[in-house]
Each structure stands twice: as structure tokens, then as C-alpha cells.
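Peer 1: Heads up: the protein sequence lines correspond to chains A and B, in order.
If you read the first sequence in this note's numbering, its first letter stands for residue 1, the second for the next number, and so on.
If you read the second sequence in this note's numbering, its first letter stands for residue 1, the second for the next number, and so on.
A hint or two may mislead.
Any copy will do: because identical chains look the same in the list, a pair fits if it lies in one copy or spans two.
With a Cα cut of at most 20 Å, we get these calculated PhoX-like pairs of lysine-lysine [what the hints assert, rightly or not]:
no., residue 1, residue 2
1, Lys16, Lys82
2, Lys54, Lys16
3, Lys54, Lys82
4, Lys82, Lys121
5, Lys51, Lys82
6, Lys121, Lys16
7, Lys121, Lys54
None of these hints come from the bench; they were simulated from the model.
Protein chains: 2
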Amino acid sequence: MRTSSVDQIIIETLSKEHAHLTSLQVFEEIRSQLPAVNLSTVYRALERLVKLGKVSISDMGTGSTVYELLADGLHHHLVCQKCGNVMTIGHEEVSRFFATIQQQTQFDIVTNHLILFGTCKACQAASELQKDKTTTDN
Amino acid sequence: MRTSSVDQIIIETLSKEHAHLTSLQVFEEIRSQLPAVNLSTVYRALERLVKLGKVSISDMGTGSTVYELLADGLHHHLVCQKCGNVMTIGHEEVSRFFATIQQQTQFDIVTNHLILFGTCKACQAASELQKDKTTTDN
DNA sequence: TATTATATTGCAATTATTTGCAAATGCAAT
DNA sequence: ATTGCATTTGCAAATAATTGCAATATAATA
Numbered sequence: 001m002r003t004s005s006v007d008q009i010i011i012e013t014l015s016k017e018h019a020h021l022t023s024l025q026v027f028e029e030i031r032s033q034l035p036a037v038n039l040s041t042v043y044r045a046l047e048r049l050v051k052l053g054k055v056s057i058s059d060m061g062t063g064s065t066v067y068e069l070l071a072d073g074l075h076h077h078l079v080c081q082k083c084g085n086v087m088t089i090g091h092e093e094v095s096r097f098f099a100t101i102q103q104q105t106q107f108d109i110v111t112n113h114l115i116l117f118g119t120c121k122a123c124q125a126a127s128e129l130q131k132d133k134t135t136t137d138n
Numbered sequence: 001m002r003t004s005s006v007d008q009i010i011i012e013t014l015s016k017e018h019a020h021l022t023s024l025q026v027f028e029e030i031r032s033q034l035p036a037v038n039l040s041t042v043y044r045a046l047e048r049l050v051k052l053g054k055v056s057i058s059d060m061g062t063g064s065t066v067y068e069l070l071a072d073g074l075h076h077h078l079v080c081q082k083c084g085n086v087m088t089i090g091h092e093e094v095s096r097f098f099a100t101i102q103q104q105t106q107f108d109i110v111t112n113h114l115i116l117f118g119t120c121k122a123c124q125a126a127s128e129l130q131k132d133k134t135t136t137d138n
């Protein structure tokens, strides 16, 4: 990779933010430093960084794809489809799972930011309550 | 759910195809039966079916989201980023992994069509060869 | 059957993402 | 510094997906 200015600035931005940013958010963040940069350039730069394994790309169910720097420890997420809450899980358990699959299939998994969807504990409890309520009401 | 004609026809179509279809493919398939149907209606119908757990929705790295009927056994996929080959894996191992995470987090995972990316055995071998070749050449 | 409430649809507009192509840029070897 | 080549960029257009809103259709029930 050529040391393209955009790539470097995106990395710095993501490094400061420590969050899941959309392409548009990245675009707006770097505009202060590169006012003339084009959105498609940002998309292509992010794509490059993803391919290089420096940035993760994920659909967390928010409507647009989000990007995050793959700097410190690898991690993954559980996204609650009821309340939208995002829980973070470390790589250990995921890693064991990947290893098992790799052993069985000889397939080398590179997924570095797994997103699993479901229902968080609080929302499970809430729907249990709701169920009881319904039963009582009828 | 109301017995909407579109929903039913989509289910029948996906049931016949036994494949990952894009929204556009679903749209074109059902046109023979519903010539006037709108693409956004198809998107909304698919969204409904996904929410009901009847259809899976996935990004398999092909550029557009694909849908598949969740009829027979649950399964998941490994997608090779080099050659695009798609390998299918059963739910057993995945299920064990989910159970462990659920135990640790109390989070109820509903992901029903997991897509993991990486490199298949053949492409790993190919890149090993390439590496050797490069080493020899230098 | 008439009425009401709710779900579904079409259409147009909006948002999100990708692509082709020509111009500009960076890098390496003269 | 100049040339040659590959990468990166901007711009406009294409593709994918989502949304608001009014019209229509369905189901429940009065």
C-alpha cells in the first residue's frame, strides 16, 4: 500500500474515536483535515484498510455499515434486537469456536469482528413479564 | 401476520429454489405470478419473513443481501474470500458455541444463518505454493 | 353486512454503497 | 529532475436498500 493521506487520516480518526463509525461519520470527521475529500474516496480507503486487516467492517443492524480500528484486543458483539443494546465479548471463546471449525473443515477463518443478534437478559425478562401479563389478562 | 399474497408467494418461491436469492431475484421470480408487484413491497415482505424467523438474511460478500428459506435443518456458511467458494456447515458446532456464549452472558442468540469469512483449504495451499515460489525466485 | 382497526401496497423520494473512467499523485529507477 | 508505472482520487452515474405517505385490502366485531 502506498502511504495515502486519506488512509492515514482515517486510521488516526478511528484511533481517536474508539467506536463504530459509519462511512459518513468518518467522512465528516476527516473533512476538517481534508475539506475536499470525496465520499467515494472514503469508501475506497475504508475498503483498503479492511482488506489489510487494519479496520473491521460490520453491519450491526443500524441501517448503515460501521467501521472500527482493529488495534487493541480483538472483540465481538451481541446486539439486542429489542432494545438495540450492544454487548461486547472477548475473542477467547470465539477463538475456540473458530479453531474447532478450522480443525473440522481446514478452512482458515479471518472474521475479526463477529456480530451476533438476539435478545439481551433485560429484554428476555421484560417479555417474560409481558407473557405473564397477557396470560393473566385473558 | 395477515395472509398476504406476497409473503406466501415468496415462501413458495424460496421453497422451490433452495438457494440464496437476492431481493431482485425474488422480485423477478414472483413477477410471473404478481406482475404488478413493487420492489419495495418485496423488500418489506422479506423483512417481515425475516422477523418471523421464516427466512434468513445474509451478506455473503456478493454485493447484495441474500435471502433463504429457513425450512429444513439450520445451517451456516464459510465463504472463501479468495475464490468465492461457499462451504456449508451444520448447526451442531455453532449451537454449542452459542450455548456457551448464552451461558456466560445470559444473552439469547437468534442468529440463524451465520456467515464466516476466510480462506478455503485449496486457496491456502495455493498461497503456500506462491510463497515458496517467491522465496525461490528471489 | 357495515364499521372499525390494522396490515399491506405502490409510488416517489431519500439514503447507502459501488463503479467506470479520466486526471492526479506517489514511488522507483533512471 | 525526468520518465514510467501503479495507486489513488474526484466526479458522475449506476446499483442497492429504505422510508413517508396516501390508497387499498384484510380481519375482527358490532
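Peer 1: For every hint, state whether the structure bears it out.
Peer 2: Evaluation of the provided hints:
1. Lys16 / Lys82: neither (30 Å within a copy, 32 Å between copies)
2. Lys54 / Lys16: This pair counts as within: shortest intra-copy Cα distance 15 Å, inter-copy 41 Å.
3. Lys54 / Lys82: Between copies only: 18 Å across chains, 31 Å inside a chain, cut-off 20 Å.
4. Lys82 / Lys121: within (11 Å within a copy, 39 Å between copies)
5. Lys51 / Lys82: Between copies only: 12 Å across, 32 Å inside.
6. Lys121 / Lys16: Answer is neither: 31 Å inside a copy and 38 Å across each miss the 20 Å cutoff.
7. Lys121 / Lys54: So Lys121 and Lys54 fail the 20 Å test inside a copy (32 Å) and across (24 Å) alike.
Hint compliance for this structure: hints 1, 6 and 7 are not met, and every other hint is.
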